[in-house]
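*Asks:* As a plain string of letters, each chain reads:
2 protein chains.
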Amino acid sequence: MTGTLYGLGIGPGDPELITLKALRIIEKTPIIAYPAPDVGESLARAIAAPHIPPGKTEINMRMPMIPGQFPAHNVYDRYADEISFHLRKNLDVTVLCEGDPFLYGSFMYLFIRLSNKFPTCVVPGVSSLGASAAAIGVPLVSRNETLSIVPGPLDEIELIDRINSSQAVAVMKVGRHFKKVCRVINRLGLNQYAHYVEHASMSNQITLNLDQVDANKVPYFSMILIRRPKEGHDL
Amino acid sequence: MTGTLYGLGIGPGDPELITLKALRIIEKTPIIAYPAPDVGESLARAIAAPHIPPGKTEINMRMPMIPGQFPAHNVYDRYADEISFHLRKNLDVTVLCEGDPFLYGSFMYLFIRLSNKFPTCVVPGVSSLGASAAAIGVPLVSRNETLSIVPGPLDEIELIDRINSSQAVAVMKVGRHFKKVCRVINRLGLNQYAHYVEHASMSNQITLNLDQVDANKVPYFSMILIRRPKEGHDL
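So the sequence lines, in the order shown, correspond to chains A and B. This note's numbering puts the first sequence at residues 377 to 611. This note's numbering puts the second sequence at residues 377 to 611.
FYI, nobody ran anything at the bench for these hints, they're computed from the structure. None of the values given here were measured: they were computed from a predicted structure. Accuracy of the hints is not assured; some may be wrong.
Same chains, same label: a pair holds when it works inside one copy or across any pair of copies.
[Unchecked claim] When the alpha-carbon atoms are kept at most 35 Å apart in a straight line, the in silico DSBU-like pairs for lysine-lysine are as follows: (1) K465 x K593; (2) K556 x K465; (3) K404 x K593; (4) K549 x K465; (5) K432 x K493; (6) K465 x K555; (7) K555 x K404; (8) K606 x K493; (9) K606 x K556; (10) K432 x K606; (11) K493 x K404; (12) K404 x K432; (13) K432 x K555; (14) K404 x K556; (15) K606 x K555; (16) K465 x K432; (17) K432 x K556.
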């Protein structure tokens with residue numbers, strides 16, 4: 377008998393965009409884990425805060441955040457061990473994930489370490505993709521259109537290729553790559569079809585045209601959506 | 377003074393994957409609209425059913441469903457008129473949308489007709505993308521990987537090109553295009569990395585390998601996820 381590991385999508389930032397299923401699992405699980413930066417507050421913990429009852433054991437998974445680098449594997453090894461310790465004692469463990477666990481979520485590093493050893497349940501969440509489109513008021517894709525999800529850190533040549541080949545593109549994790557992404561969008565003549573959003577669905581949500589953005593103040597949680605007009609019909 | 381139009385993502389099928397925000401808006405809105413096929417039940421209405429209190433005025437938006445065709449513009453014109461009638465009387469109207477309203481949702485046809493005339497609020501929902509990945513147990517994208525979302529009805533040449541050029545691909549609306557999509561996946565040698573799911577998160581959810589699927593019984597709400605292995609690391 378072991379506990380169950382839950383990977384819980386808790387949505388893009390607005391605490392009201394959590395699902396009933398995530399709420400139920402948070403309430404019944406004795407151990408709650410969440411990623412956090414080296415110093416400071418966990419965003420995932422902050423999103424779920426209104427829904428976490430007192431009396432839980434919490435695992436604050438501190439991840440060194442170095443721009444351009446990902447946390448080392450031994451960081452995930454260490455927290456996988458800590459979570460295993462509870463699961464082996466037949467205690468359920470919930471890992472809170474911003475957005476959706478399997479869309480650029482760090483939960484997947486725990487999933488590959490633990491899901492072959494313990495019962496594991498992944499609960500999908502509202503992703504920042506839908507939240508960003510809703511914030512901007514731009515329908516992303518319809519009918520037989522394609523959508524490409526592209527991380528901002530890609531190099532310029534690959535960005536040009538990928539942005540040029542889809543009807544709709546979401547450039548995620550823009551952050552310090554804003555100027556590069558803008559150069560690509562300008563070069564492709566797509567400036568008028570591009571929309572910027574930061575902190576979608578959060579209380580500090582901002583939506584701007586690209587030329588209104590201060591390139592030096594673009595946070596990691598920012599996105600540029602590009603939607604080309606289609607000939608022949610209005611969507 | 378007019379009412380507000382709400383486009384509400386109600387998630388991929390499991391009624392528990394609805395958000396607190398969607399629940400609150402359903403409860404306070406007197407008029408609830410939803411798309412439905414020509415004959416039979418509305419899936420969106422069925423998903424939200426446990427959460428719709430009695431006493432609402434309901435607008436059953438019947439859409440002729442002809443394989444390979446989309447509803448004609450005059451169908452949306454007609455329901456936009458019906459919804460406008462209530463909004464002008466200062467009544468709020470909620471439109472229920474499966475998944476996320478701006479990801480292949482038919483709500484966008486009402487949005488382009490009404491959002492310039494009435495206050496409009498779009499509430500993102502859990503999409504079938506995250507639900508399908510969770511069902512299969514396959515993390516979709518991590519780090520600097522790209523994800524392409526591709527509709528099954530695309531022609532074979534375009535499918536080959538798009539599936540071949542991304543680390544991860546979600547082929548949506550597979551339905552009667554299953555054999556064609558499989559030919560493409562086989563040709564690209566990706567069979568072992570492809571996963572099939574139908575009715576993700578619903579009580580009749582099924583996940584299969586491609587060679588287990590009966591090609592003649594693939595429903596519209598089905599998806600194939602493809603995730604190539606990456607050289608050099610395990611995710």
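*Asks:* Now tell me, hint by hint, if it's right for this structure.
*Replies:* So, going through the hints one by one against the coordinates:
no.: 1; hint: K465 x K593; result: neither (46 Å within a copy, 44 Å between copies)
no.: 2; hint: K556 x K465; result: neither (49 Å within a copy, 49 Å between copies)
no.: 3; hint: K404 x K593; result: neither (40 Å within a copy, 38 Å between copies)
no.: 4; hint: K549 x K465; result: neither (38 Å within a copy, 43 Å between copies)
no.: 5; hint: K432 x K493; result: within (24 Å within a copy, 48 Å between copies)
no.: 6; hint: K465 x K555; result: neither (50 Å within a copy, 47 Å between copies)
no.: 7; hint: K555 x K404; result: neither (45 Å within a copy, 43 Å between copies)
no.: 8; hint: K606 x K493; result: between (49 Å within a copy, 23 Å between copies)
no.: 9; hint: K606 x K556; result: both (26 Å within a copy, 25 Å between copies)
no.: 10; hint: K432 x K606; result: neither (51 Å within a copy, 38 Å between copies)
no.: 11; hint: K493 x K404; result: within (21 Å within a copy, 45 Å between copies)
no.: 12; hint: K404 x K432; result: both (10 Å within a copy, 33 Å between copies)
no.: 13; hint: K432 x K555; result: neither (43 Å within a copy, 50 Å between copies)
no.: 14; hint: K404 x K556; result: neither (45 Å within a copy, 45 Å between copies)
no.: 15; hint: K606 x K555; result: both (27 Å within a copy, 28 Å between copies)
no.: 16; hint: K465 x K432; result: within (16 Å within a copy, 48 Å between copies)
no.: 17; hint: K432 x K556; result: neither (44 Å within a copy, 50 Å between copies)
Hints 1, 2, 3, 4, 6, 7, 10, 13, 14 and 17 from the earlier list are contradicted by this structure; the remaining hints agree with it.
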